[in-house]
Every structure is written in structure tokens, then in C-alpha cells.
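**Q** Following the hints, position chain E against chain R.
For reference, the chains in residue letters:
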Amino acid sequence: MIATEKTVSGQGQVGGAAENAPVAWDVARVREDFPVLAQTVNGKPLVYLDNAASSQVPQVVIDRGSRYLQEEHSNIHRGVHYLSQRATTAYEGAREKVRRFINARESRECIFVRGCTEGINLVMHGYGRKFVSAGDEIIVSAMEHHANIVPWQMLCEEKGATLRVIPMNDAGELLLDEYEALLNERTKLVCVMHVSNALGTINPIKEIVARAHKQGVPVLVDGAQGAPHLTIDVQDLDADFYIISGHKMFAPTGSGVVYGKAELLERMNPFLGGGDMIRTVTFEKTTYAGLPNKFEAGTPAIASQIGLGAAIDYLNGLDRRAAHAYEHELLDYATEKLTAIEGVRIIGTAREKVGALSFVIEDVHPHDVGTILDQEGIAVRAGHHCAQPVMKRFNIPATARASFSFYNTKEEVDTLASAVQKVIEVFS
Amino acid sequence: MSELSELYQQVILDHNKKPRNFKKLETANRHADGFNPLCGDQLTVYMQFEDDRIADVSFEGSGCAISKASASMMTQSVKGKTRAEVETLFNEFHRMVTGELDQETTPNNLGRLTIFAGVREFPARVKCASLSWHTLNAALAGEDAATTENLGPDITSEQVSA
Chain R
1 MIATEKTVSG QGQVGGAAEN APVAWDVARV REDFPVLAQT VNGKPLVYLD NAASSQVPQV
61 VIDRGSRYLQ EEHSNIHRGV HYLSQRATTA YEGAREKVRR FINARESREC IFVRGCTEGI
121 NLVMHGYGRK FVSAGDEIIV SAMEHHANIV PWQMLCEEKG ATLRVIPMND AGELLLDEYE
181 ALLNERTKLV CVMHVSNALG TINPIKEIVA RAHKQGVPVL VDGAQGAPHL TIDVQDLDAD
241 FYIISGHKMF APTGSGVVYG KAELLERMNP FLGGGDMIRT VTFEKTTYAG LPNKFEAGTP
301 AIASQIGLGA AIDYLNGLDR RAAHAYEHEL LDYATEKLTA IEGVRIIGTA REKVGALSFV
361 IEDVHPHDVG TILDQEGIAV RAGHHCAQPV MKRFNIPATA RASFSFYNTK EEVDTLASAV
421 QKVIEVFS
Chain E
1001 MSELSELYQQ VILDHNKKPR NFKKLETANR HADGFNPLCG DQLTVYMQFE DDRIADVSFE
1061 GSGCAISKAS ASMMTQSVKG KTRAEVETLF NEFHRMVTGE LDQETTPNNL GRLTIFAGVR
1121 EFPARVKCAS LSWHTLNAAL AGEDAATTEN LGPDITSEQV SA
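These protein sequences, in sequence, are chains R and E.
For the first sequence, my numbering assigns the number 1 to the initial residue and increments by one for each residue that follows.
For the second sequence, my numbering assigns the number 1001 to the initial residue and increments by one for each residue that follows.
Because the hints were derived from the structure by calculation, they are not lab data.
Using N, Cα and C, we set each Cβ at its ideal position, and we do this for glycine too.
Hints are not guaranteed to be accurate.
Derived list of chain E stretches under chain R, where covered just means 3 residues or more per stretch with a C-beta under 8 Å from a C-beta of chain R [what the hints assert, rightly or not]:
no. : stretch
1   : 1002 to 1014
2   : 1037 to 1049
3   : 1116 to 1128
Okay, chain R solo, but in the shape it has when bound (with noise of 0.2 Å):
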């Protein structure tokens, strides 16, 4: 089932590569870095097309993690002490791999928090409770995910100020004339995701930002699937927020990022109160820590964090052009399969899309899809995708979703396609 070298062609739009310039992505070599890959599931090989809801660890990333527990464990920026100084080293180290990953100005500016969630969630309370006040809107895509969602509903709630949306159509890309319409000296912030986890539209960020800043209104961008896929140059977007979930980066859970422009950061209020985030503390008043310790109270997700660290150093010892590329292809192949099979319909049809195929089955509803996948060996995700809007917008309850990454082979996309057929059967 594992595929020797392929020769795929390169993707321009997708991670900035050039043009038709022919690369090689070894699958099978790569297959190999990743020890959950090689299991058999109700006595079928592994098919693992969950990569949106989480990704699979690398053993150089299991490895790292591992030496940390039990060469370098200790609580960082605290002791003087030896395994303090190493942990607190690597910990910062992760740091400034993340700044180079995404290529930030500065590390301070690359806040470590748990995941995607937190992260907004951080912006919203440091940010949003500052800045939004009654009367003022925020700005959300019609296709985020309920976490790019809640918290901005929570501070217009608790504020006063207007959620507004920017629709999407039937392929599922934003409208972007209506975008531009929404924006007034109202707007205190637009939220959007780089890459729909439910749809896998790539959303034309750069554009996006260009035109809130022309108001001067700043931009978070969501980039749980966009880190994943993607090159982020979060200068070459000009993002003044840009999230960023580890584990769906091949990292452990709880590693996270928050970017922020450093004099975003410096303005916004800290997050949790605690350890670690304060310069003094008396009864009376207590002053802040500098970027980024401000945002990051008591013990982090250290072992995570270092993770992280170790998934980067992994992604950058990979042709990423041709990852990128061979992505693409897979997901091209996928929709080809899919696509010819009666009764099959594709929910998400953009021009530029990554990652994720959701897709529906006439008359099956997707947890049967789900169940019956799984009896195959293969693991998709079958429900809203934490996108309830999204459903609604195409007026279906749920959807099936295939989401890829770069070692996922041609063979596992067959073995969805005729798995598939096998539903229809059962349910024919």
C-alpha cells in the first residue's frame, strides 16, 4: 500500500513555490517518520485522513519530548539552577523557531498558549475587552469555526457591539466586494481563518488584510489549518494576529502560538493573572511583565512547547515545496475519486483549496459514513466540524471530511473511494 517516489508538479500558489518546477516527495520514506502510521485498525492497515482535526507526531518530535522529561525537566524562567537554565533554554529556544517558522520581527512577539482556542481567546479578552466598545463591530467570515466565533459573540454581548459576516458563496469563497462593504469606522477588529477546516478554501488573507488596513482596522487570522499547509510569512501577510495550533502541526497538544504585532501586544491587557506575567507585586498594585511573558502566566506546556519546537526543525529538514505540492495533487486525486462516484456531492468547491474534503452521500447521513469508514480502517471526521454556520449555508446537518497531509498516499485515497462505494451498497 505504501507508494515508492513520485514526480508531482509544483503548485505556485500554494507555499509561494515556483511555477511548474518539477519536485520529488518520497511518501513511503516519510511515512516511516511517523510510528502511528503503521497500525492496523479492525484488522484493516491504517487510513488516517483526520489530519484537520489533528495531526500525527513525528518520533523526532516523540524523541524530543522525551529528552525533555528525562534529561531537562524542570520549571523554566524560575531557578537558577542547572535543569532550570536547560529548560528554560529549550523552552525559548522553541520560541525562536516559531519566529523564524513564521518569520516575526521579534520572539517576543510569538506567545506559547495551549492551542488555537486560547489564543483567540486571549486576543478577545486582551484585546477585544480594551479596545471594543458599544456601538463598535468586529468583522467574521461566514465559514469560521465556532472558535473563531464564540468568544467575539461573547465580547459584543458583553460590550454592545455588532458581530458582522462576511457571506460566502456556493463554492465556498468569502465575497469580498461585501467584505469591503462592511468595513466603516465602526470596525474594531476582523477575524478570519487562513484555511477552512470544514471546507478547505484558502481564504486570500493578504487581500483580506490589505483592504481592513486601508480603514485601519487590524486582522486576526486563525491559522489552525493555514500553519499546516502553508508557508506563513505573517510580515508578507501583514496579520497583526496570527494563531497557530501545534498539534495540528505535528506537534504535541497544548503547544500553541499567538503572533501579534509587538505594539499590539504592548497596548492589550494581559490575559491570565498570575506567576511568571508580573515586574512587581504589592497589594495595592501590580505592574506587568514585557512581551511575551505578560501573556504567559504560571508553569506552560513545556514539554508541548519544546515539541513544537522539534516539529519545526522536522518540517524544515522536508522539501516543503514538494509537500506542498504533493498535497495538492492528493487532494486534486481525492476529489477526482470522490467526484465520480453516483450519489457522492463535494461540499466546498473552491478555486484554492487545501487539506480538507467534505463531502456528503445522498440519502447517508455522515456518522453512518463515519462508523462504516472505520470498520475499513479508515479514520475521517464525521459531523459539523465546530462550523454549525457552515452546515447551514449548505443547508445539510453534517458532513464526511477527508483531510490530508503529506503522508497520505494515492493508495489510502483508492481506499477511501471504493469504502465509500461500500456505504452506498449498504445503504442502497
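**A** Just chain E now, kept in the frame of chain R:
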């Protein structure tokens, strides 16, 4: 595939395609909405409850094959039964789908509902089978809503030991 064919038996597929008592009950004097926030399944159970007995019962809603078939067969099983009889049935059904009751060795009142025994092999689907029952229970108790999140865990013994 044996566990799978055990789950998706013809009777279940048939009830999924043609759910029985699938309508709003005009004579209902009690009803409750059931919701599984995990998957978005939702249904409404309508009940005409008289003299401590379910005189008539129906349901509406959307969900997977398991939840629809379970609701459909539930309405057939509980029609005409007293509150105590329904409570016993719910208890037995719940214990069967979570693997606590072996319907083949333990005497029970489940009858045709034993067709759902296969659900116990699919822990992720236990809530699908029990949503309609939780909702029926809420309607019986005079509540107007049930969700699978605050009705106690539908956890199988296998999950606890994992």
C-alpha cells in the same frame, strides 16, 4: 464486516428509510426536544399521556440511521405502556447498548429492541441509539428538553477500563 452487518441490520435500515410514527402528534399533551451537541442530531418526541399510560407517541427530527431507527422502534415499543413499564424498558435498553445487560442470558422485556445490541460494539454510536430514549424520558418527566451531554455518560464498561 460482521460487527458492521450486526449494526446495520435490514430492520434498522428499513426504519431509517421509512421511520414509523414520524410526524407531529396533534393530540400530544407532552413533548420534549432531544439534542446531541456532539453530532447535531436533533429530534422532538410527542406524547399523549393519559391515566399513567402513553396513549400515543410520535417523533420528528434529523439524525443518523441508528438514531432514526431507534426513535422509530421506540415509538412502536412504548405505545400503550405505563410509565413504570417504559422506565423499565429504557433501563434495559440503556444497559444493553452499553454492554451491561446481555439480552441473551438475562430475562428482559426488550423484544424487537434487542436488534440494537450491536451498538455496544460501537461506543461512539451509543448516544445515537439512546438519544430518543433520553428525550422520551424528559417528556415523561414533564421536562421540555434533553441533551446527551448532561444526562450522564453513555460509557461502556470497555471504555472505563481503557
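**Q** Against each hint, give a clear statement of whether it holds in the structure.
**A** To see whether the hints hold, each was checked on the structure:
Check result for the stretch 1002 to 1014 of chain E against chain R: holds, 5 residues qualifying (beta carbon to beta carbon below 8 Å, three or more required). Here the stretch 1037 to 1049 of chain E counts 4 residues with a CB under 8 Å from a CB of chain R, which clears the bar of 3, and the coverage holds. Coverage of a stretch by a chain is defined here by at least three residues with a beta carbon nearer than 8 Å to that chain's beta carbons; for the stretch 1116 to 1128 of chain E and chain R the count is 4, and the condition holds.
When each numbered hint is compared with the structure, no violation occurs for any of them.
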